[in-house]
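Spelled out, the chains give:
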Amino acid sequence: MIINVRTTQDQQFIDITSQVRQFVEQEGLQDGCVVVYVPHTTAGVTINENSDLTVPRDILTTLNKVFPVTGDYRHLEGNSHAHIKASLVGSSCTVLVENGQLQLGTWQGIFFCEFDGPRQRRVQLKAIASR
Amino acid sequence: MIINVRTTQDQQFIDITSQVRQFVEQEGLQDGCVVVYVPHTTAGVTINENSDLTVPRDILTTLNKVFPVTGDYRHLEGNSHAHIKASLVGSSCTVLVENGQLQLGTWQGIFFCEFDGPRQRRVQLKAIASR
Amino acid sequence: MIINVRTTQDQQFIDITSQVRQFVEQEGLQDGCVVVYVPHTTAGVTINENSDLTVPRDILTTLNKVFPVTGDYRHLEGNSHAHIKASLVGSSCTVLVENGQLQLGTWQGIFFCEFDGPRQRRVQLKAIASR
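Residue numbers (the numbering used here), protein chains in the order written: chain A, 1 to 131; chain B, 1 to 131; chain C, 1 to 131.
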């Protein structure tokens, strides 16, 4: 399945946990895992705290300090920083499923990570049964 | 299955390779993969060298230099650095299984990564058959 | 299956997309995912843009600026920087498969990441069916 995500800022974390949870229910997956995959090279996906929005804010701010938007880059599109961040947070997340339920920790949410927006983006979901 | 991990330091890598190997044997998984998942937002899991303990030491020290414990963070709990590190090393690892054996490289071990301890932590394991 | 990769530089991204695609066809996997796993501790695997080679160049250069080759490291082999980078980009990637086709995004390629070469390296591939 594909989730469409509309980002509205140049860099932004968007919580997609409820869509992933809904997907698991629709698929009827009882035991296994869900792979959340981002088919873009300047965006990624990560799992982190989604109850206090200062957490994604601090992650984005700190990544920008360490991997600045402007720098000694050769790639002419001006978004090398976004490619770097995408490779560091990664293009996929795997979350376990047991008894039909997504096994996220208490404070965990799944975030689509926009590093070069705003854009129309997609997230692919796949249910994998344990056997 | 769930592994309980008791961390004893604020930041610490704990080798959980033997528990993961034991899990694969118990499950009787012959061919597929094991997903090692950390349901916390200030801890993660990574695969790296476990024969020379200066390696995890250097990884932790360097991460602290680049993503310092204290900084210009908004999150009031004082552990933003740990959330950042958790997103960078990631909340899960996937290791292949063939002929009932975990397919780790010669020097590879699986480390639980504590970034905001000491705490009582959990690691979830799931065996996924190839077909 | 195992892919052999011969790296020729100390740090280098090598595009292995075509080998992974060929593997999916050989396996006849219709629906599921492929796990690309690197059994080394000073190398990794990442997904990023493979049409403009300045992108992997900028990623490597920036990682070297942030995690320098020489530094205050204890590990005596002189490759701590490579272990750190390996844990950050990660030792595996998961890519979805639908209708027998690898579901990479338009600009995405799969790169073996050499951080301590040149060496003879291996990449393990595993096809996992969705159910």
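Bear in mind the hints are in silico, worked out from the structure with no lab data behind them. Keep in mind the model is a prediction, meaning the values are calculated, not measured. Do not take every clue at face value.
[Said to hold, decoys possible] Simulated crosslink set (DSS-like; lysine-lysine; CA at most 27 Å straight-line):
{"no.": "1", "chain 1": "A", "residue 1": "Lys65", "chain 2": "C", "residue 2": "Lys65"}
{"no.": "2", "chain 1": "A", "residue 1": "Lys65", "chain 2": "B", "residue 2": "Lys65"}
{"no.": "3", "chain 1": "B", "residue 1": "Lys65", "chain 2": "C", "residue 2": "Lys65"}
[To be verified] If you want the footprint, here are the derived chain C segments under chain A, 3+ residues with CB under 8 Å:
{"no.": "4", "segment": "44-55"}
{"no.": "5", "segment": "87-95"}
{"no.": "6", "segment": "119-125"}
[To be verified] Residues of chain A placed beyond 10 Å of chain C at every Cβ, according to the derived structure:
{"no.": "7", "residue": "Ile14"}
{"no.": "8", "residue": "Val35"}
{"no.": "9", "residue": "Asn99"}
We put the CB at the ideal spot given by N, CA and C, even for glycine.
Against the structure, the hints:
no.	hint	in the structure
1	Lys65/A x Lys65/C	13 Å, holds
2	Lys65/A x Lys65/B	13 Å, holds
3	Lys65/B x Lys65/C	13 Å, holds
4	44-55	holds (count 7)
5	87-95	holds (count 6)
6	119-125	violated (count 0)
7	Ile14	18 Å, holds
8	Val35	5 Å, violated
9	Asn99	17 Å, holds
When the structure is compared with the earlier hints, violations turn up for hints 6 and 8 and for no others.
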